[in-house]
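Those protein sequence lines, which keep their order, are chains F and C.
The letter at position 103 of the first sequence is residue 103 when you use my numbering, and the numbering goes up by one with no holes.
Just so we're on the same page, my numbering is the position in the second sequence counted from 1, plus 771.
Wrong hints could be hidden among the right ones.
Claimed, not checked - Reference listing, derived: stretches of chain F covered by chain C, where coverage requires no fewer than 3 residues with Cβ under 8 Å from a Cβ of chain C:
#: 1; region: 332–338
#: 2; region: 490–499
#: 3; region: 685–696
#: 4; region: 702–716
Hints were generated in silico from the structure; no laboratory data involved.
For each residue, glycine too, the CB sits at the ideal point set by N, CA and C.
Protein chains: 2
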Amino acid sequence: MATLQDIGVSAGINILSAFVFFIIFAILRLQPFNDRVYFSKWYLKGLRSSPSRGGAFAQRFVNLDFRSYVKFLNWMPEALKMPEPELIDHAGLDSVVYLRIYWLGLKIFAPIAVLAWAVLVPVNWTNNTLEMAKQLRNVTSSDIDKLSVSNIPEYSMRFWTHIVMAYAFTIWTCYVLMKEYETIANMRLQFVASEARRPDQFTVLVRNVPPDADESVSELVEHFFLVNHPDHYLTHQVVCNANKLADLVKKKKKLQNWLDYYQLKYARKNSQRIMVKLGFLGLWGQKVDAIEHYIAEIDKISKEISKEREEVVNDPKSIMPAAFVSFKTRWAAAVCAQTQQTRNPTQWLTEWAPEPRDVFWSNLAIPYVSLTVRRLIMHVAFFFLTFFFIIPIAFVQSLATIEGIVKVAPFLKVIVEDKFMKSVIQGFLPGIALKLFLAFLPSILMIMSKFEGFTSISSLERRAAFRYYIFNLVNVFLASVITGAAFEQLNSFLNQSPNQIPKTIGVAIPMKATFFITYIMVDGWAGVAGEILMLKPLIMFHLKNAFLVKTEKDREEAMDPGSIGFNTGEPRIQLYFLLGLVYAPVTPMLLPFILVFFALAYIVYRHQIINVYNQEYESAAAFWPDVHGRVIAALIISQLLLMGLLGTKHAALAAPFLIALPVLTIGFHHFCKGRYEPAFIRYPLQEAMMKDTLESAREPNLNLKGYLQNAYIHPVFKGDEDDDDIDDKLGKFEDEAIIVPTKRQSRRNTPAPSRISGEDSPSLPFSGKLV
Amino acid sequence: MATLQDIGVSAGINILSAFVFFIIFAILRLQPFNDRVYFSKWYLKGLRSSPSRGGAFAQRFVNLDFRSYVKFLNWMPEALKMPEPELIDHAGLDSVVYLRIYWLGLKIFAPIAVLAWAVLVPVNWTNNTLEMAKQLRNVTSSDIDKLSVSNIPEYSMRFWTHIVMAYAFTIWTCYVLMKEYETIANMRLQFVASEARRPDQFTVLVRNVPPDADESVSELVEHFFLVNHPDHYLTHQVVCNANKLADLVKKKKKLQNWLDYYQLKYARKNSQRIMVKLGFLGLWGQKVDAIEHYIAEIDKISKEISKEREEVVNDPKSIMPAAFVSFKTRWAAAVCAQTQQTRNPTQWLTEWAPEPRDVFWSNLAIPYVSLTVRRLIMHVAFFFLTFFFIIPIAFVQSLATIEGIVKVAPFLKVIVEDKFMKSVIQGFLPGIALKLFLAFLPSILMIMSKFEGFTSISSLERRAAFRYYIFNLVNVFLASVITGAAFEQLNSFLNQSPNQIPKTIGVAIPMKATFFITYIMVDGWAGVAGEILMLKPLIMFHLKNAFLVKTEKDREEAMDPGSIGFNTGEPRIQLYFLLGLVYAPVTPMLLPFILVFFALAYIVYRHQIINVYNQEYESAAAFWPDVHGRVIAALIISQLLLMGLLGTKHAALAAPFLIALPVLTIGFHHFCKGRYEPAFIRYPLQEAMMKDTLESAREPNLNLKGYLQNAYIHPVFKGDEDDDDIDDKLGKFEDEAIIVPTKRQSRRNTPAPSRISGEDSPSLPFSGKLV
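With the rest of the complex left out, here is chain F (with noise of 0.2 Å):
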C-alpha cells in the first residue's frame, strides 16, 4: 500500500524526469543538424530549407549562440501562439480537431476535480472507518484510501453525496461533450464549405459497377450516369489495378536514385571508373561499371514499365469495377453520394469520394457479399484476438526458456550457460514475447481494417482505432483492475451473473487508485514528455545521414517525421477518459495527475503538429463520432461500476437513483447521433448550393472538366513525364499533379516558426472561438 509519501516522490521522480526530456529536447532542437528532424513539418511544406551552406563549418552543425538557450522552455508559449484558424490552415483540421481531444479532458476534468476535491474529499476524509479496521482487524489501509469513498462505512447517509456527485460529473460531462459535438460539427461544415475547391467535393466514388457484356466498365458509367443524372453529370475516372506497375515505378525510382549516387561520385573523384559486384549488397559477384550498369538497368525498366502501363491501360481486366465519377456541380455530388442508385443495392453503390490522398487503391474492387464476409471473419478474428492472445504468447514463452533454447540449438550452450548471460537472458525472455506482440499489435489492427475492405485510409484508421480501444480496455483497464488473463475474466465474467459483475469490478477499483496514479505519471507524463525528443526519429535521420544518404533527395527521404497517428494515439487519451470519469467518484485523489496529463499532452502535441508531424490526409474530423461514444462509453461504464461498488457498501436506496444515470446517458447518446452525427456522414444540399452559386458568380467560366479530370489518377500515373504516347492513349492521365491551392506561398522560408504566429493571420471563415 503506498502511502501519500510514496506517491510524492515517485510524482518528484518523474516531473524531474519530464524536466529532463524537456531541457534535452531544447538543447537538441536549437541545433542545426537536428533541424530537419524536430521542424520536419516546415521543410514538408517546402517553408524551410537546409541550413545554408555559407557561414562556419561549425556553425552548420551546432547552434553556438548561448543566448538563445537561456529561454529553453520557450517552446511551450510559442506552441499556444499560433491561433486555430491559422493552425488549421498549417495542419489541416484532423490535426486540430485532434488536440481538441486534450483540450475536452481538461474542460471535463477541470470543474470535476475542482468539484470532488470539494465536495468529496472531505465527506471522504472525515471519516474512521479505515482506522477502525486497522485497529479492530489489522487492515492496512494507506493516506489514499483515506481520501476514497473506502473510508466510508456501510449503510452511511454520507452516500448520497456520492450518488449527487455522480450525476452532476454525468450532466457536466454530457454537457461539455454536447458543445464540444457541436463546435466540431461546424467546424467540419465551415471546413467543408470554406474557400478552396477540392475535387472530392465534386466526386463520388462508384463501386460494384456490374459487369456489363457489351460495353466496357467506363462505357457503362458513363451511360449509366448521363441516363440517372442527365443534368449534372461531368466526367469520370475509372480504376486501374496498378499494383505491379506501382512496383515497377517504384523499383525504377530507386535505380535511378542509385545512378544519381555514382554520376555523384564519379564526379567527384575526377572521372575515375567507378566498379560495383552485383551480388549481395554488393558484397561479392561480377564487377561492373556501376554507371553503366545502372544505366542499362533503368533502360530496361523503363521498357517494363511502358509494357506494363501499356496493359493496364489497354486490357479490360485491369479496368477494376469501380470509378470516381464527377459532376458539374457540389448539389449533384452531394445528391449522388447520398441516395440509393439502382433497385438492387449492392451494385453501383455510391459514396463521398475520399480526398485523392486519402484513397486507399487496393480495396476498391472488391465485391459486396465478399465484404460481408471479410466483415464478420475480422469480428470473430477480433474477438479471439482480445479474449485469447495471451495463450499463444503464453506458449511461446514456455518455449523460450534457457532449456528451449539449448534443446533447438545445442552449439548455443557454451554461450547461454554462461552466468552473466543466463541472468540477462532469463530477465529478458520471459517478457519479450508479449513486448513484440503489443508493438505489433496496431499495425496488426491495420492490416485487419485492410483485409475488411475500407477504401480510404481515414476509415482504416478509425476501425484500427476502435479495436485498439477495445483492445486496451480489456487488457490493460480491467486486467489491471482484476488481475487475471482476458479469457479467465471472459470465462468468470460468463458465469458470474449480470449484476454481479460491476459488483466484482467495482469492488476492486479503489483499491487500484496508487498502480493507475503511478500508470498515469509513468505511461502519460514521461510518455508524452518523451514524444517530444523524437528519440527513434532522430537517432534514425542521424543513422541514414551518416550511411545511407546518397543525395538530397535522399535526405529529404530520410526524415520520418510521423503522423499523429490516429489509431493508436486516440484510443491511448480515452483509456485516461475512462479512468478519469471512473475514479471521479471514487478517488477524487487521481483527477489532478490526469489534468497535469491531458494539459502537458496538450502542449505538446500542439508542438509536434506545429512544427513535427506530417499531415497524410484530411478527412475533416470524421472520427469525431468515434471519440464522442467511446467518452459516452466511458461516462457510462463508470456509473455501472459506481452502482456496483456502492451496491457491495449496502447503499441501499442508491441503486434505483443510480440506475437513471446510464438509461439518461444514453438517452443522451441518441440525441446527440441524431442532432450531430449527419453532419460526419452526409453533405447538406442547402450549403453545397450556398457554394455552388457563389462559385458561378464569381468564376463563370470556370473549365471544371479540366480542373477534375486527372484529380483521381492512381499515384502511379502521376508525376511521370517520360511516357507521353502511352498517356495520349490513356487519355484521362494527364500529366500534372493536382495542386490544392494554399494560402502560405508568400511566406516561403520563413526562418522559424515562431516568428508566423506572431503575425497577423489572413481573416478566414472561421471565427477564433466556434460555438
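Keeping the supplied structure of chain F fixed, place chain C upon it in accordance with the hints.
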C-alpha cells in the same frame, strides 16, 4: 404428463370444433342478411350493393336455395383461386405480403418437419433412457417425451445428429428467408414502379420547418425549395392544425344523420310532428319538434364550422411547421427524401410522404428534441410495462375479492352472498383484471406509439407490433417455459450467469412440449377457425341494424370489417415461428401442429382478405424487414436454447460446434440487411428516372400541379361542398377527393367473389411468381 393418446383426443376435439365453426360459417355466410358482414370488402369497394329489394320477403333475409348448402366448404378453394397479382390489385400489397408470412411458415416448416421425423424421431425413439429412469427412480414420462431429445442418455454420441440437424434447419430457414426477402423486395419495387400514378411518388414530407420572423411557413417552404431544388420544385401544401375543426365536422355529420332519420320518420308517419326530449338519451328534458330542432342545431354548428375554418386558414398559429412538398419528377422527390437539406439535421427533415390516407396528422408538428425525449420515455415505460405489469394487476385482483366488494359497496352484500352468485364471482373475478389488461394491451401499445411521434399509421402499427412481440416473448413464451411472473424472471436472470440462462430455459423446453401443443391447438387452430365467423362484428352489426340504424348511410357505417391488424396479428404469428424453430431439434412432435396452423391460417386469412377486411392504408410491404428480423431472432433464440439444453446433457463437444450457429446467423442477418433492406427505405434513382421518362413520353401535357395540389389536404377539408367561399380563400383546398384509379370498375355488382377469381385477370406487370 400427457400421453400420445391425450394429445390425440385433444387434437380431435379441436379439429371438431374448428369443423363446427366452419359449418356455422358456411351456413351464416349464405344468408343475405349477413351479406354485409361476410362480404364487406366488396361493399366497401362499391362492387356489391344490398340484396335487391324485390323478391319474396323471406328470401331477402334467408337463403332458401338448399343446393347452395351442399358444398359448404367451397369457400376454401375459392379463397385460394384468386391469383396473387389480382389479389394485389384487389386488396393491396400489404395484404398479399401479410399472407406470405403464413406461406413462409409453411415453406420453412414443411421440409423441416419431414427431415425431423425422418431422422430425429427414430434417433430419439430408439433409446431407453426414460424407461430406465422410470424403472430405477420411478420418474414418470409420456410417449411424447420418448420422441424428444430427453430420451437420449447423457454423454451420448447421438447428440451429433441433433447438432447436424440444427445446422440443416438453420441453413434451410436462412435460405428460405433470403429467397423470400428477395421476392418481397422485388414485389415492393415492382409495386412502387407499377402503372398507377400516386401523389406520394412525387411528394416529400418536410418537418421541423424553423420559425421565421419575416415569412409565413408557406412562404418559407416555397423559398427554401425554390432555392435548393430550383429545377425540380413544383408545389407544396402546409399542414394545418385542424383537430378542433375535425371534431366540429364530425358532430355536424351526426346531427345531419339524426335529421335524416327524423325526416324519414316524418314522411312515414304521414307528416305527424315528432317531438323529442333534449335531456340525457332523450329520456327527459324539454320537449321540442325534432326536425326544427335539428335544423337549428345544424345551422348553428355550420356557422361554428365556418368560423373555425376561417380561423384555421387565416391564423398563422394554426399552421404547423410541416409541409408536403411536391416535385416535378419522381427523381427529384427521391433525391429530396434521401438527402439532408441543411447543416442542422434537426431542421427541414425530409422523408417520403406516406400515402395520403396513411398520414397520422396530429403528429406532424413534434419538434426534434421532444421526439428524442418521448422515445426515451416510451422505452422506459415499455420496459416497466413488460416486466412489472403484473404488480398493479395483482393488486387490483387482491381488491376484487368478495370481501373487497362487500367492503366498498355494502349494499351489494345480499347479491354477493348468494351462493350461486358467489361461485360465479369467485370463478370470474380473479382473472378479469388480467384479461381486461391483455385485451386492452394492443390499444395501450398503439397509444404509446402515437405518443412517440410517428407520422404514419403504418409506422405506428409497426412499432406497436414490435412491442407486442417483445411482450409476448417475455410474458407468453418465457413465462410458460419457466413459470413465474416476468419480474421474477428478470430478477433471476440478473442474478444468474449469462451461460446459465440458456441452460435454465433449455432444460425446461422439452418438458413444456405438451403445453405448447395444446396452446397451438386452442389458440391457433380454434382461434383461426373462430376468426372466420367474425362473431363480434356479426353481433354488433345486427344489434346496430336493429336499434341504431336509421339511414342507409348508417347501415354502411354499421359494418365493421376490421383490417389485417398488423400490430396484433404479426406478433402472434411470430410466436409460432419461435415455437417451431425452438422445438424442431428438441421435440419434432410439435411440428405437424405448427404446419396445420400455418395452412389453416393461410386459407382463412386469404378468404378474409378477399371478402372481408378493409384496407386502411398501403405501405407497400414496408413491414417485411421487421418480419424477417423477428424470424432471425427466433432462430438465434432456438440455437441458444439448444446449446443450453445440450450443455446440461454433457454433450461435451457440442458447444464449440453450436456457438458458430448464432454467429453465422447474425452474419447472415447483416448480409440481408445490407442487401435487401434499402429497398424498403430508399427509392432508387434509376427506377424513378425510368418511370419519369416513360410518363413524360406517354403524357407530355400532363398537368401534374393540378393533380398534386390537393392530394395532401387535411381530411377535414375534403368532400365539403358547402363552403365554397372559404375554399376560394384557402386556394389550395379544393373539393374533389383524389381518386386512385382502380381497374375493377367494370365488375360493379358482380354477385359473388367466386365467379371473379375464375375470370382472366387483366395482365399486370406482375408475373405470377416473382423471383
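Next item on the list: Against the earlier hints, flag every one the structure doesn't satisfy and list their numbers going up.
Entry: 4
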